[in-house]
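Protein sequence lines, in the order shown, are assigned to chains B and D.
Everything in the first sequence is counted per the working numbering, starting at 16 for the first residue and increasing by one.
Everything in the second sequence is counted per the working numbering, starting at -15 for the first residue and increasing by one.
Some clues are possibly wrong.
To be verified - Chain B is faced by these chain D residues, among others (derived, beta-carbon under 7 angstroms):
id	residue
1	Val49
2	Glu70
3	Gly74
4	Phe103
Said to hold, decoys possible - If you want the ones that stay clear, here's a sample from chain B, every Cβ over 12 angstroms from chain D, calculated:
id	residue
5	Pro27
6	Glu30
7	Arg36
8	Arg113
9	Ala135
10	Lys153
Read the hints as simulated data drawn from the structure, not as lab findings.
For each residue, glycine too, the CB sits at the ideal point set by N, CA and C.
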Amino acid sequence: MSLQPFGSFVSPWREMDRLRREMNRLFADLPASAGTAVPGYPAMNVWTNENGAVITAELPGVATEEIDISVVGDTLTLSGTRQPTELPENAVAHRRERGAGRFSRVFRLPFPIESDKVEAAFENGVLSVALPRPESDKPRKIAIKAG
Amino acid sequence: MANETMEVQEAQKQEIAESDAERTRQRLAFVPRADIYETDDSIVVVADLPGVDEGSVDITLDNDVLSIEGHVEPQVLEDYCLAYAEYRQGDYQRKFSISNKIDGEGIEATVKDGVLRLFLPKAKPTSRKISVTSG
């Protein structure tokens, strides 16, 4: 309630501020990942600079021969298969949280990719794909002539 | 079944909910997804911990509680800017209470391609069954 003694300065935003803080507190209790939709598996991060991009993805347990990386123009397609955990005979499963199956993601970059120089590395379950830009497409510095 | 595309939930890692015992480091921590199965003589845990190698994972068995802790140095590419991120990196932590008695000496753990495999052999029963004959 905003009953204030007469004479003190009451900010009209005080109620709004209080409401905002309460809403923040309400949403802070939810796990941070609730509501963010990831458009498919695997989740990917994209790092860029003026020379190109590097795309990283977490693919634990996927064999490198089961990952397909193809580059066409400015589009990267990452697909493959993740094998399910093999259960020996007469084993009883307590939990099955790791998904398995085919995955495919298409990523379009804002610049063309030099497909000859694409390199990919897979370490500890993290795939890194380096996508350089062709020389002709790199930004050029334009000199300003004096006078 | 192998032709189905992966579910969307799989791509998101689940953060741990800080309950009673908080972590000392103020770093992000995730709950690794795990498959657990039991055979006649062992329990096997297979968990996804991408970014972890054999030196950065700690496994302890304390009474009946198995703790898995994995440490990941966040990957930072120098000279590059992170333009778009769908996942974050952080440590992994998960605890399981193991119902059977486990033979602590025979636990084996391997890490390959970010997947931890824990082989927990069950302890041999120490009680002896006594047969009853008539007469």
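* Asked: Among all the numbered hints in the text so far, which are the ones the structure does not match?
  -> 1, 3, 4, 8
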